[in-house]
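> Given only the sequences and the hints, what does the whole structure look like? Please build it.
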Amino acid sequence: MLHLLLQTRLRALVNTMRRGGKKSRRRWLGYAGLILLPLLVLVNIYAMMAVMMHNPGLGIPAVQLLLRNILLGVFIMLLFSGLALVLHIFFLSKDLPLLLSSPIPLTTILQFKLLETTVANSTLFFGIALPVLISAGIATGAPLLFWLVLLPGSLLFLAIPTGLGAFLAMGLVSVMPARKAKNVAAVFLSLISIAVWLGFQVLRPERIPISAAALPGQHILDAGARLSVWLPSDWLVNSLMFIQAQRYAAAAGNALLLVTAGLLLYACTSALLQRALHHDIFSGLEMTTHRRRRSRPAPLPALRRDGSLFGHIIRRDFRIIRRDTQQLMQILLFTLMMILLPFLNRGVEQSGRLAVYMPFLFLFIFSMLMGSTLATRMVPMERSAFGLFKLAPVRLRWVWLAKMTLSFLFVLCSGIFAAGIITAIHPAAAAAFVRILAVLAVLDLLATLCGGLFGAYFANFTWDHPKRMISAGSSFFLSLVLFGFLGLVGGLIALSFFLFNSPDPGILTSAVLALIAVALGTSAAEKKLDKIEWTY
Amino acid sequence: MWTLNFRGEYAGMLEVEKLHKSFGERVAVEELSLRIENELFVFLGPNGAGKTTSIKMMTGLLHPDRGRVLIDGIDLAADPLGAKRLFGLVQESPVLYEKLTAREFVHFVARLYRVPENDAARRMQQLFDIFEINDRADELIEEFSHGMKQKVALAGALVHEPRVLFLDEPTVGLDPKAARNLKDLLRGLVDHGATVFMSTHILEVAERMCDRAGIIHEGRLIALGTMEELRQKTATDKASLEEIFLQLTGSGNGDDVSRFLEEK
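In the order they appear, the protein sequences are chains A and B.
Number 273 in this note's numbering belongs to position 273 of the first sequence; there are no gaps in the numbering.
Number 1149 in this note's numbering belongs to position 149 of the second sequence; there are no gaps in the numbering.
Heads up, a few of these hints could be off.
Partial chain B-side listing against chain A, Cβ under 10 Å, derived [unchecked claim]: (1) 1056; (2) 1083; (3) 1091; (4) 1099; (5) 1100; (6) 1101; (7) 1109; (8) 1153; (9) 1156; (10) 1166; (11) 1256; (12) 1260.
These aren't lab readings, by the way, just hints derived from the structure by calculation.
Cβ atoms here follow ideal geometry from the backbone N, Cα and C, with glycine treated the same way.
Written out as structure tokens, the structure is:
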């Protein structure tokens, strides 16, 4: 029966690749990317390891240190992606009622779902970790045994974060609904991905100092050895690197730890999930997966007779966004990017009169991206309920403007918060800070306007994922328009510097142009929204 | 008109004994007992009355707190695989693999139930004829409308010739012709020995089709019987099922509506 389930899943995968028109072609491009990514990792890491191996003070200990760090990063990412996948595959996938009501043994369903989760969770490993291990093998001239142990060791390593993810998932669904838990896991995964990406920015071959004394080498490895006993990523690295060093007993010890942990986790996870299956956890009823807080029914809010439609829409949309974990997390992520990315530029000294504004460049870019992303979603976010506005005796101009105002306020507040933190790291004079906030406001206004217009013109009301609220082609076009606006504002400010020796006229002109654009954009959006033929 | 060669030598039977399920402090289904044999049984109730929870317990998707379900005498809890081989389920929102074609999906279900290849091919063809999905049988399910998906789900539920068929709002999204075919098909299945357990809100359809009906309200079975028996219970001679339903569930006195209209 297991083979039938796997065969069907494979068939669905093949159908996805072979059919589906443009969507399928885009997917093929994605697959091409999946092949390119490991190649890039392999080349980059191999270059770095080659530098290490040619430096007598670094050599194999440094390679091992690098492997440990990368594998640890991958392990943590796999843990959280495993958690999100377990939640999706075991708790939220739509085929559960079909499988559970069919004459299939529960253990078979469990095995199938575990395999599905492990395979789905392996992309990251095969994309990053495996090329890194292969680079290490090539750079250190590893013996045949290294290559023989590499694949089975990798598979055992993969089972561990998936198993741990299942444990975490069981804990999470006991306190919150599975869908919300999945969103939380996705956010953690994004944060960790950013952290790992930032880590990779540090690990560039050109950043390795020539002097061996600058790198910690063997004594760091020795200090980390105590921690290694507890890290599955280190078990894998150690078992491979000890083979390279021909210390077979130590390699076998680490491999044994990997095997034992992998098998133990598989057994425990199976038992735990099987128990859960008997307790309706996977029945498709989310309500059974968490304890509901008992609370007294809230009294109905009194109707605000004085509230305008404009304010009412802003309050309602704020409530919707606040309750939508995915939207909120995206806002949080963009804000984090705005704050974190200037850190990378700390080492790079800037000079000239514009130097003080340079650390805020990422703030401007991400603030615009966030503003446009949020604004594009404000109209399609309504799905078919947008028809209510079409039926109600209200001018769509005010509906659209209210939505844009909320989006603008969201992004501006996040931007001001991020600017405050960046200023603490890269001090700027008060006048410069005011100018930065003014530029931020102008850019956010333009980004919100663009996003809002794209949201009205290319809305996809039947989206199945927040990213698909507008058509894919228009997302790309929107990015181009945004960078165009960024260039325009930047150009005006530069011109102002050149002509008047001050950025202020440029900022003022940009602000006036932005306000004119908002007035024109509002009319255009109203026309488009009036024209939409409502078919729901 | 369809022709389906169901075996006909059996009489499908569903027995439910004191089935009970609570979610926290809320009782979803309370001590439900039923015995349905070779008939078309319609399960009625207002929204949230416990119809879907009952069906989920009867099909093994939910475990009851207590009570048991027997399909043709096989205890669902004691021998889940044996019992599951004997029934089919169609839910209100069809459960399908969107990336499979209709033919691949129904074939997959046939293999799940270990239907021999020749039989599976023959029945699949018959079912595709009945539901008129032959022309689109090799298209991906994701391209289908809700009604088409419902037809594929029905074909999947019927391909293994279930003795007991559970249907949760099966006519939602079906075009009139497909709905009519489904009704004929269900009647035909019962004539050939199967038992059909159907929940629906379309009382007119239920009234014309059912052999017996059960009305569940706030988790409790408050009425059970043929149309005649239900009329007797409500002391009305010619009441429609809708009137009986509204009288028994206490949702038809119209006081709220009158008050609302008066306030206007």
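> State for each hint whether it applies.
Evaluation of the provided hints:
1. 1056: holds, 7 Å
2. 1083: holds, 8 Å
3. 1091: Check passed: Cβ of residue 1091 (chain B) comes within 6 Å of chain A, closer than 10 Å.
4. 1099: Given a least distance of 4 Å, the restraint on residue 1099 (chain B) holds.
5. 1100: This hint holds: residue 1100 (chain B) lies near chain A, its Cβ roughly 6 Å from the closest one there, short of 10 Å.
6. 1101: holds, 7 Å
7. 1109: Since chain A brings a Cβ to about 8 Å from residue 1109 (chain B), closer than 10 Å, the hint holds.
8. 1153: holds, 9 Å
9. 1156: holds, 8 Å
10. 1166: holds, 9 Å
11. 1256: For residue 1256 (chain B), the interface hint is violated, since the closest Cβ of chain A sits about 16 Å away, which is over 10 Å.
12. 1260: Violated. Min distance 16 Å.
Of the numbered hints stated above, those contradicted by the structure are hints 11 and 12, listed in ascending order.
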